[in-house]
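The listed protein sequences derive, respectively, from chains S and Y. Counting from 1, position 258 in the first sequence corresponds to residue 258 in our numbering; the numbering is continuous, with no gaps. Counting from 1, position 117 in the second sequence corresponds to residue 117 in our numbering; the numbering is continuous, with no gaps.
Heads up, none of these hints are tricks.
Result set (PhoX-like, lysine-lysine): computed pairs, CA atoms no more than 20 Å apart in a straight line:
no., chain 1, residue 1, chain 2, residue 2
1, S, K256, Y, K108
2, Y, K274, S, K153
3, Y, K363, Y, K153
4, Y, K268, S, K153
Covered by chain S, per the in silico footprint, the following chain Y stretches (three or more residues, Cβ under 8 Å):
no., stretch
5, 134-148
6, 275-288
7, 439-449
Quick caveat, the hints were computed from the structure, so don't treat them as lab data. Model, not experiment: these values are computed from the prediction. In this text, a Cβ means the ideal position worked out from N, Cα and C, and glycines have one as well.
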Amino acid sequence: MKKLYSNKLVILSLVLPGVLLFVFAILAPICLSVYYGFTDYSGMGSYQMIGFENYRNLFTDKTFGIALRNSLLLAVGFICIQHPLALITAAVLDKLGGRGENFFRCVYFIPNVISVAVIAYLWKFIYNPDFGLLNNILKAFGGRGDTNWFDSKTAIWAVLIVLIWHGFGWGMLIYYTGIKNIDPVLYEAATIDGANQITTFLKITLPLMKPVIQVNVTMAVISALKQMETVYLLTNGGPGNSTQFTANYLYQQAFKAFRYGYGNAIGVVFIIICLAVTVGLNKVFEEPEERKLKKRKRIRAKAKGVS
Amino acid sequence: MKRKMVSVMLATAMLVTMLAGCGSGDGGAAGSAGGSTAGDAAGNGDTSGSTDGNGVSDGEQITLKLFSNLPDRKNGQGLVEQTIIDEYMVENPNVTIEVEALDEEAYKTKFKAYSMYGMPDVVSIWGQPAFLDEVVAANVLAELNAEDYTDYKFVEGSLDGFTYDGKLYGLPRNTDIAVFYYNQKMFDDNGWTIPETYDDLLALADEINAVGITPVAMDGGDGWPLAVYLSDLLYQIVGNDYADIVSDAFADSDFSAPEITEAVELLKQAADAKLFQNGYDSQDYGTAMNLFTNGQAAMFYMGSWETSMATNEDIPEDIRENIRVFTMPAVEGGKAASTDIAAWNGGGYAVSANSEVQGEAVKFLNYMYQPDKLSKYGWENGVGLSAQDQGDYLTGSETELQKQIIDILNASTSLSGTPINDCGPSTFKATIESAIQNVSNGTTTVDDFLSIIGTSCQ
Numbered sequence: 001m002k003k004l005y006s007n008k009l010v011i012l013s014l015v016l017p018g019v020l021l022f023v024f025a026i027l028a029p030i031c032l033s034v035y036y037g038f039t040d041y042s043g044m045g046s047y048q049m050i051g052f053e054n055y056r057n058l059f060t061d062k063t064f065g066i067a068l069r070n071s072l073l074l075a076v077g078f079i080c081i082q083h084p085l086a087l088i089t090a091a092v093l094d095k096l097g098g099r100g101e102n103f104f105r106c107v108y109f110i111p112n113v114i115s116v117a118v119i120a121y122l123w124k125f126i127y128n129p130d131f132g133l134l135n136n137i138l139k140a141f142g143g144r145g146d147t148n149w150f151d152s153k154t155a156i157w158a159v160l161i162v163l164i165w166h167g168f169g170w171g172m173l174i175y176y177t178g179i180k181n182i183d184p185v186l187y188e189a190a191t192i193d194g195a196n197q198i199t200t201f202l203k204i205t206l207p208l209m210k211p212v213i214q215v216n217v218t219m220a221v222i223s224a225l226k227q228m229e230t231v232y233l234l235t236n237g238g239p240g241n242s243t244q245f246t247a248n249y250l251y252q253q254a255f256k257a258f259r260y261g262y263g264n265a266i267g268v269v270f271i272i273i274c275l276a277v278t279v280g281l282n283k284v285f286e287e288p289e290e291r292k293l294k295k296r297k298r299i300r301a302k303a304k305g306v307s
Numbered sequence: 001m002k003r004k005m006v007s008v009m010l011a012t013a014m015l016v017t018m019l020a021g022c023g024s025g026d027g028g029a030a031g032s033a034g035g036s037t038a039g040d041a042a043g044n045g046d047t048s049g050s051t052d053g054n055g056v057s058d059g060e061q062i063t064l065k066l067f068s069n070l071p072d073r074k075n076g077q078g079l080v081e082q083t084i085i086d087e088y089m090v091e092n093p094n095v096t097i098e099v100e101a102l103d104e105e106a107y108k109t110k111f112k113a114y115s116m117y118g119m120p121d122v123v124s125i126w127g128q129p130a131f132l133d134e135v136v137a138a139n140v141l142a143e144l145n146a147e148d149y150t151d152y153k154f155v156e157g158s159l160d161g162f163t164y165d166g167k168l169y170g171l172p173r174n175t176d177i178a179v180f181y182y183n184q185k186m187f188d189d190n191g192w193t194i195p196e197t198y199d200d201l202l203a204l205a206d207e208i209n210a211v212g213i214t215p216v217a218m219d220g221g222d223g224w225p226l227a228v229y230l231s232d233l234l235y236q237i238v239g240n241d242y243a244d245i246v247s248d249a250f251a252d253s254d255f256s257a258p259e260i261t262e263a264v265e266l267l268k269q270a271a272d273a274k275l276f277q278n279g280y281d282s283q284d285y286g287t288a289m290n291l292f293t294n295g296q297a298a299m300f301y302m303g304s305w306e307t308s309m310a311t312n313e314d315i316p317e318d319i320r321e322n323i324r325v326f327t328m329p330a331v332e333g334g335k336a337a338s339t340d341i342a343a344w345n346g347g348g349y350a351v352s353a354n355s356e357v358q359g360e361a362v363k364f365l366n367y368m369y370q371p372d373k374l375s376k377y378g379w380e381n382g383v384g385l386s387a388q389d390q391g392d393y394l395t396g397s398e399t400e401l402q403k404q405i406i407d408i409l410n411a412s413t414s415l416s417g418t419p420i421n422d423c424g425p426s427t428f429k430a431t432i433e434s435a436i437q438n439v440s441n442g443t444t445t446v447d448d449f450l451s452i453i454g455t456s457c458q
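Next up, chain S with everything else stripped away, as it sits in the complex (with noise of 0.2 Å):
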C-alpha cells in the first residue's frame, strides 16, 4: 500500500480533483474579479478599463467604510460575547450529564438548523414595532412598547443580536466536542489535588481547549465578514446604511447598481482583508515557544547564508 502511494500517477489522480476544484472555482473567479476590479463594467454590454479608479472610489465611499465597521463589529461581538458564552455553555453543559445534557444539546443547536430565511422572518415578527412579540413583552410589563427596533441607530444593534444568537448553537456544539475529547483522568486528578470547578476549567479545560477556540474564532472572524444572507433578508443594508455589510454591499453595487466592476473591487479588497485577517489570527494564537522556534531558525539560515 505503501508503495502504492508513492506511484505518481496514483498521487496524481487523488490530487487532481481537488487541484482542478481549486483552480476553476476559486482561483479563476478569484483572477476574473482582479480583472473586472480594474474596468468599469456595468454587467452589460461593453467595458472599458479604467485602472485604480474603482479602488480610489471605494477608500472615499462613506457606506463602504459604514459597510467595513459594521463587519468588524460583528466579528468583535463574535469574538466577545458569542464564543466566551459559547465554551463556558459548553463547560456546563459537558458537567450536566444525562438526559438534561442531550436535550439542552439539541435547543442550542436548533437555531442552526433552521433555514436563513426563516429566521431573518422569525426575528423582523419579533422586532415589529406595532404587533412585535419583544414589544407586546415590554407592554405585558408595564411598559409603553413602542420601541422602534429597527431605528437607524439602534437597528444595528438588533441585527448584532440576530446573528450572534444565530451562530451561537455551532460554536458551542464544537466548544462541546473538543471538551468531550479532554481525558477524564486530568479532572479526576486535579479533583484529587483539591482543585474547585472553576480552577479545573481555567487551568485544564481552556488550556487544551487553545486549538478548538483557534479554529472557532477563526472561522467565527471570516463568518463575520462574509455575513450576507440574514442581512439582506432582515433589513437589506436599511435604514439608510446603517446595517450595511461588506458581503451585502458587494451584491447591491454588481447587481442592483449595475457597477460590476466596482463591485468586483470590493470583493478584491474583500478578500485581502480576509487573509489578512486569518493569517493576523494564525498568529496572534501561534505558541509564544513556536514563535521562538521559528526566529532560531531564521537565524540560523541567515548565518549559514553568511557563512
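Keeping the supplied structure of chain S fixed, place chain Y upon it in accordance with the hints.
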C-alpha cells in the same frame, strides 16, 4: 507487476469518477441556464423552416421562451399573462411557450446574466432610464416597428419611455398611478374627511394617531415607495415643470433646486408628524400592506396596481369592500391642479435581439397587445390600468375601487411621468432609495441628502 496493475486501475477509476463528475456538472449547468440553451436549441431547430422571419410554415415546432417578472401565475397580472399564453398556444398548436418567472429583484439580477449569455425570446422590461439605459446600450433588445402599433390604442406618451433615438424597443403594459388607498368605513366611523391639502393630511395624521391607529402604512424598507411619494410631492409643487426640473437636475448632477428641497422637506414633515407607521423605514411591502388590510392602518400609499385588493378574498370582507382611493392632496402654493396626478408607464415587454425565433416572438408580442387581450383581461381581473385605452371594456360590474381609479385617470388633466428614482442611472436609483430613508427619519439633513444623490449620478 501486480502493484502496478492495481495502481493503473486505481488511477483509471479516479479518472472515470472525475469525468463522470464533470459530466454531471455540465448537465447541471445546462439545466440551470436552461433559459438560454433550451431557447437556442429550439431556435436552431426551426430556423430552417422560418427563414422568412415572420411566422413559420405549418407543423414546424417552435419553442418560445418567455422570461417574466410575474411569478404568481394564479392571481392578478400573472394570471392575465398566463391566460394569453394559453390562448396563443391553442390558436398556434405548433408553438410552445415556456415561462420562467421570478420576482422583481431576482428577475433583474438574472436578466443581467442572460444579457451576457443569451436572452430568452420575450422578456419583461421597465421603460425607465434606471433600467433601460444600460439594457439598450448593451444591444440586447430587438427594435420594434412603431408603425405596427398605431391601431393598438396606446395612451399618448406611453411609448416614450421605451423609445431611444426614435427607435422603439418595447411596449408598456400598465399605467400606474400613485394613490392613497383608504378605509372608507373607518373614515366614516371616526368622522374623518379626505384631506384637501397637504396640511390637512398632516392634521389628519394627528387625529388618526390619537385613536391608536396608524395613519398611512408605508413600505419604507424598500425605498422606492418613498421616492414615488417624493416625486408625487414634487409634481404637486411644480406641476408640468416636473420633467424639466428633474432632467435639469440630472444634467447638472445638482438637486439643490428650491422646489426639490421643498418636496424633501414635505416628506420629512410627514415622517415627523407620524403620518407613517412606527418603523416604516425598515418594513417591507407585505408588512405595510398587511397593516392596512388588517385594519391597523387607515391608509396605504401605493400604486394603482393594488386595485385588485378589492377582489382579494384573503382580505376581510368589511375591509376589502370599503377600500377607496384619493390622490396626493394639493400642496400650498403648488402649481399642479387637483386633477394633475402622479402617473407613469412602467413595466412592459420586449423581444430579444438575438432570438432565433424573432419573427414568432414579435408575433406573440403583438398578439398580447391586441387591445382585447392584455388590456381587456387586465381590466376584468382588476389588475389596474393598462397603457392602452380601456374604455371599451367597462362592463358595469367593476368594483367601486376600479371605477374610482378609472374616473381619476379619465378626469386627469396631466400626468407626471416617471418617478424621480427611475429617471437617472441605476447607481442613482440605488443611492436615492437608500438615502431617502435617512433623510425622512432625520439621520441626514436635507442638504446632505441632496448632495449625496447629486454625487451619485456624476
